[in-house]
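Following the hints, position chain B against chain A.
There are 2 protein chains.
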Amino acid sequence: MAGHTSANGTGKAASSSRSPLQAEAASSEAARLLPQVLQLVQDFIASGEKPETYVAPWGSIPDFRKAVTLDLPDSVSTDAAGMPDETALMDAIKLVFDHSVNPWTGRFLDKLYAATTPVGIAADLVLSAVNANAHVMSASPVLSLAEERCVEGLCEVFGFTEKKPDGLTMPGGSAANTLAVQTALANVFPPFRTQGVLGVVQYLADKGKAPRPLLFTSSQCHYSLDKAAISAGLGLDSVVKVACDKTGRMCPKALEEALEQAVQQRTGTPFLINATSGTTVLGSFDPLPELAAVARKHGCWLHIDASWGGPIVFSHRAEYAGLMKGSQLADSITINPHKLLNVPLQCSFLLVRDADTLSANSLDAGYLFHSKDRRENAAMKTMGCGRRGDALKFWLYWVRYGKQGFGHHVDAGLQLATQLVEYIRSKPELELGPLAHPLFLQICFRPKQPSSADDGAHTLDPEQVRVRSKGTQFVYQELKSRRMFAVDFAPLPNDIGDYIRLVVHPRTRMDDLRTLVDQVAEIGHAYWKQA
Amino acid sequence: MAGHTSANGTGKAASSSRSPLQAEAASSEAARLLPQVLQLVQDFIASGEKPETYVAPWGSIPDFRKAVTLDLPDSVSTDAAGMPDETALMDAIKLVFDHSVNPWTGRFLDKLYAATTPVGIAADLVLSAVNANAHVMSASPVLSLAEERCVEGLCEVFGFTEKKPDGLTMPGGSAANTLAVQTALANVFPPFRTQGVLGVVQYLADKGKAPRPLLFTSSQCHYSLDKAAISAGLGLDSVVKVACDKTGRMCPKALEEALEQAVQQRTGTPFLINATSGTTVLGSFDPLPELAAVARKHGCWLHIDASWGGPIVFSHRAEYAGLMKGSQLADSITINPHKLLNVPLQCSFLLVRDADTLSANSLDAGYLFHSKDRRENAAMKTMGCGRRGDALKFWLYWVRYGKQGFGHHVDAGLQLATQLVEYIRSKPELELGPLAHPLFLQICFRPKQPSSADDGAHTLDPEQVRVRSKGTQFVYQELKSRRMFAVDFAPLPNDIGDYIRLVVHPRTRMDDLRTLVDQVAEIGHAYWKQA
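One line per chain: the protein sequences are A and B, in this order.
Letter by letter, the first sequence follows residues 1 to 531 in my numbering.
Letter by letter, the second sequence follows residues 1 to 531 in my numbering.
Okay, chain A solo, but in the shape it has when bound (with noise of 0.2 Å):
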């Protein structure tokens, strides 16, 4: 540690120097220091238990901007023993607690994740302290084994069982379904891996097809699709968005009329349909088997995006539990533990019918894979490389909850939001937004403009859009200085307008969500009083 504290940033080496990561034991330091740490987390999380807790800490970021900064030292005061103080690290990890959402109050409904649980809270302990790269087996053992047991399961769970599948954990929804349409492009168009999108130019033009390869999706779909799109260079004007109906759904009719369309006019080759179960906004899911079947006609790779609403397919109620038939017809789907099932972020699951079909994203490494099993080197399947071992949290939840407890926290979740719609439906003064069917876990609605008698808003024009969207926008900003419940707003299909859109998640408290609505027709009549 010596000239540790020194100015003199230009200062030879000591011929004895010792990192200061290890100015004394690993052991003796995390006796020291992590019980402290789980201290505060414990506090917090209890702390999120009170009914007085603020979820958010503050009511705008240029506030919160002007009360905290933070110090990126360059060089720290140690004891007199050489050992670096331990204040400056406590007061950093203190004021990340005091200005943080605070999730645990369940009244966080911002968002399509919420609080994890002290399962995942365990499971990250594990990650940290194991700290293993899930890139070959190798290094990660049992994370890898846990990545692919979950793969095993999730894909039974979603009817991947008549070729041998395979799958992996992504950083992120939006990551998996970028890597769902380049594997999709690898493997319908042969050229693309070696020359690109300029190969499968080429490809198309010798087959007689129209030269543009085509991804289609909802109009409703996550804009990672969009992403994608950039990312494979396609560019955005190779996804074309296809019409929903009023409850968000993928119209399947319009999807036909559009491929036939690309096809007819030779505007470009399609080569991939997503679906999306469960839709950001309205929580809708596109229907498979209709969809599956335009897919196999014309010859595309049919990737769902279930990042949100995957693990329904876990639900005791039939109805619901039906929403992802057809997933076996599938060539791949994302789904995300860490939304519904309160996994921490990130975890993300990227599954596919036909595990060859990865092959496409394998490269050679001498100096990192030593066989040419993909099993044993998660790192041939993706296009990135190091990787943390994300699959242990979710094995960790299996353990405890096991497959029934996920439908039971799913069915919670689904009552909850019934009762609050009916809630909703109670109040004349709200007006509510269109509604996913059957019903998902995002309610969208708005004060009622109280001149209006309509509620069905579907033939606004747009002042009176206007006008409702800016009476939305004043209840959010209200809401977001009371600080005691973090709800989002979003525009709504058909140009209705912006809505109040709040998540339910499965721990939400009833009686938080009546206060909730409470206030919007508080908040609301005040303002259109004034109005």
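These are calculated hints, taken from the structure and not from any lab test.
Only a predicted model underlies this, so the values are computations on that prediction, with no experimental measurement involved.
Careful, some of the hints might be misleading.
Since the list gives no way to pick one copy over another, a pair counts as held whenever it fits inside one copy or between any two copies.
Derived DSS-like pairs (lysine-lysine); straight-line CA-CA distance at most 27 Å [said to hold, decoys possible]: (1) Lys-403 <-> Lys-94; (2) Lys-372 <-> Lys-66; (3) Lys-253 <-> Lys-427; (4) Lys-66 <-> Lys-246.
For chain B alone, kept in the frame of chain A given last:
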């Protein structure tokens, strides 16, 4: 929890159903569960500090597979109060520790990462408890601010001060390199974003240039550059591999010639040069000022893949810190604090000299982005969306060790590497492979074939190469079965065959390195005796 153990998978949810994820208050579950897990973490660390502890629990993957199976239960058992039995979870966690590589031994010299520190574990604990998505600042105020600050700090260190720089964390070096390639494509070729590679071809044709975009990188670069070319729709044929000198550095003259040849022969139009700072096998640094001059002359984007070697910039030794001289001339830089700086996996940054270049990766998402400010919407900078707040880990390291501490850490590793090379040189029965100049942290060596007098090994015939590689692989397998050291082997440039490659980490103990070298000499001696 009613029905949680029932086999009736289609049973209707009870009207008062509660998610099994909240069978009890999170605070009480955390208080009971997490101290037990933390104790296992501390035991794992302490065990790693015992000299007799195996670094790898298994000598081979088949042995591991035979001994370990991971359960995926349909249902779980509960106690009388309906609480899930904790034994299964704790057994699962113990299994992970019992069968994982133990990097705390300091004898894991196999890869470009090693054990983290208790500070790293603390950071992961905090991230897990907060579980905030760093896609927008409103969801993750402190994590987003930590990312902003770390990006500022790193940009300053690398000299990105002329324009307003920017950057973000990525889930790994490969992902960061891939995003750099995509960002370069979109900035060098404006039609890329909307029309993809097809638009680029037209754009180049209109300018009278050869239609294939070409990427130049050294023969010793990381394979993620190849993967990035596949991902971006360029294909492997668009990657031009440039020759290196004997120490693994790209030859600027060879680069210049390759570029001019491509332009003159119209095989393609160069758009990106990738420089590697710290190659995977030898740890070499490409000469940045020379490469930057070539990039400027040809209008190419200059990317530096400093995933591994980037932290050398913190060194207090001028000849080492100087290896990153010229970094300020790059357009983008990848650096992975999870490698040399022992931040937990994953922690990787992509930095750009000009913040505006990242706008190529932005897409509107009305439900997510409520301002155009990329500082408040990190997901606008990348092709992904949801993101773990990995920067927090690096910020807590920075608070704990300071910039100077990073330098002392790196220098401690360099000193060990120097001592190790001296020790290997003192052993006549060992053959040292080519070394980076100046020496970095990877050392390649193998047992010398007794009959051979050479040590440079540059004129070996294929049969000699085969014979010596076999010796290397024998040593590797024997070390593996002894389980006291984890090392890797790699084929070295210029067809001189396989060498044992070990990565000196700043916290490796010199005594252990000497023991390992002794063992390689001893195993090699026995091998050649019987060969």
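With identical chains treated as interchangeable, where does the CA-CA distance between Lys-372 and Lys-66 reach 27 Å or less: within a copy, between copies, both, or neither? between (54 Å within a copy, 20 Å between copies)
Is it within, between, both or neither when you check Lys-66 against Lys-246 at 27 Å Cα-Cα? So Lys-66 and Lys-246 fail the 27 Å test inside a copy (44 Å) and across (53 Å) alike.
At most 27 Å between C-alpha atoms: does Lys-253 with Lys-427 qualify within a copy, between copies, both, or neither? For Lys-253 and Lys-427, neither the intra-copy (37 Å) nor the inter-copy (76 Å) Cα distance is at most 27 Å.
Intra- versus inter-copy proximity for Lys-94 and Lys-403 (alpha-carbon distance at most 27 Å): Between copies only: 22 Å across chains, 37 Å inside a chain, cut-off 27 Å.
Figure legend: structure checked against the earlier numbered hints; hints not met, in rising order: 3 and 4.
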